[in-house]
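Respectively, the protein sequence lines represent chains A and B.
Using my numbering, the first residue of the first sequence is number 1, and each one after it goes up by one.
Using my numbering, the first residue of the second sequence is number 1, and each one after it goes up by one.
Read the hints as simulated data drawn from the structure, not as lab findings.
This structure is a prediction, so every number in the text was calculated from the model and none was measured.
Hints should not be assumed to be uniformly reliable.
Derived contacts from chain B toward chain A, CB cut-off under 8 Å, selection only [claimed, not checked]:
| hint | residue |
| --- | --- |
| 1 | THR27 |
| 2 | ARG31 |
| 3 | ARG38 |
| 4 | GLN74 |
| 5 | LEU95 |
| 6 | VAL106 |
| 7 | LEU137 |
| 8 | LEU140 |
| 9 | PRO142 |
Ideal placement from N, C-alpha and C gives every residue a C-beta, glycine not left out.
Take a look at the letters that make up each chain.
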Amino acid sequence: MKPWPPSAVRQSLIGCPSCELLCKAPARFDGQIRMRCPRCGAVLHTRKPNSLARTWALVIAALIFYIPANMLPIMTVTSLGKTQSDTILSGAAYLLLHGMWPLALLIFFASVVVPLLKLVILIYLLISVQLHSRWRPRDRTRLYRITEAIGRWSMVDIYVVTILVALVHLGNLATIRAETGAVFFGAVVVITIFAALTFDPRLIWDSLEKNHE
Amino acid sequence: MNQQTRITCHECDLLQQLKPPPPGGCTRCPRCGAVLHRSKRNSLNRTLALSLAGLILFIIANTFPFLAFEMQGQITETQLFTGVTDLYHQGMWGLAALVLFTTIIVPAVQLTLMLYVLVPIKLGRTPGHLAGVFRLLQTLTPWGMMEVFMLGILVSVVKLAGMATIVPGLALWAFGLLIFVLAAAAAALDPHRVWEKVRYAP
């Protein structure tokens, strides 16, 4: 592997997270003092504070919420006296049975695969950083980029429920109500977005430098 | 002066000289491959024009009828905001807040602040609190989810198409256009051009 020059933190330099200005870190910068970027005022950190612990906490919270999000119904359709509750999976199955398989695939991918994939990738990244793995850091950084980009698309089911609730509003003829599963599902999406934001991909690269010492 | 062209990669912390991107291309970090700088021609003017168009479309999308749903002679007409109020009335205030935040508040604040930043710059002035405002804009970016909402609309329409007639309203077309305008505005913006305008004492 090509030897890279030492990273900014080892030359007492911090890149501003917001405007990218390169700032000089004070001689003993241990996080005790709050340093701000002279240009944009953002708080400077050599690495995101407590990144591993915070990301773990959020990942575990999301995993816990993921269970009721999938077990509980996300909406109930009342039509001519008949009520039918749908979970995320049964909603996708309904679409599949009615021949709308591209849509079923889309919902299954956005609502079931994406959140789970995101959590699995984050857990893998967390463990690999904690084990000081030096294995394919470039690909692991790419995995991180994927988790950052795909998370938002899980919101699609929440929006579908919102739109259906607004549209199907016909008294006894047909009404749709949102159910608790949707709340948990929304929480999973928001928590995983925060989890991706608190993970610091630079930690992946730090292990490579430590082993040179 | 030399320090200004030196940057550190935000994804792997590699210290490097920032090379200007080739026209139409981008500069990537040689170590981790993160995009460091993308070439954007006439960035501020184009972003300003697109944000202005975006704000007009946003207002149309939020004031005109969005979708109407017709079933056995009964019609419900909705606006973009109706879903939020209905969720709230069903006791789902958390969901209502989430939808309100990601599809209405964030895009509205983003468009307004973008104009607040770009109009004075266009007129040769520096807007007050430029650094703080622009930082807030960057923080809000991951929370604006209009394009996901558009996908939600498509899914809902297909789902209901078998049961009833869906009549698209003017707001729906405005909303569809708005997605492209917002994406184009985000693609046109070169944050470096804005940060250059911030005066500071190093």
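Taking the hints in turn, this is what the structure says about them:
1. THR27: THR27 of chain B check fails; min Cβ-Cβ to chain A is 12 Å, beyond 8 Å.
2. ARG31: holds, 6 Å
3. ARG38: violated, 13 Å
4. GLN74: At about 5 Å, which falls below the 8 Å cut-off, the nearest Cβ of chain A leaves the hint on GLN74 of chain B intact, so it holds.
5. LEU95: holds, 6 Å
6. VAL106: At 12 Å from the nearest chain A Cβ, VAL106 of chain B fails the 8 Å test, so the hint is violated.
7. LEU137: Violated, because the Cβ-Cβ distance from LEU137 of chain B to chain A comes to roughly 10 Å (cut-off 8 Å).
8. LEU140: For LEU140 of chain B, the interface hint is violated, since the closest Cβ of chain A sits about 12 Å away, which is over 8 Å.
9. PRO142: holds, 6 Å
Of the numbered hints stated above, those contradicted by the structure are hints 1, 3, 6, 7 and 8, listed in ascending order.
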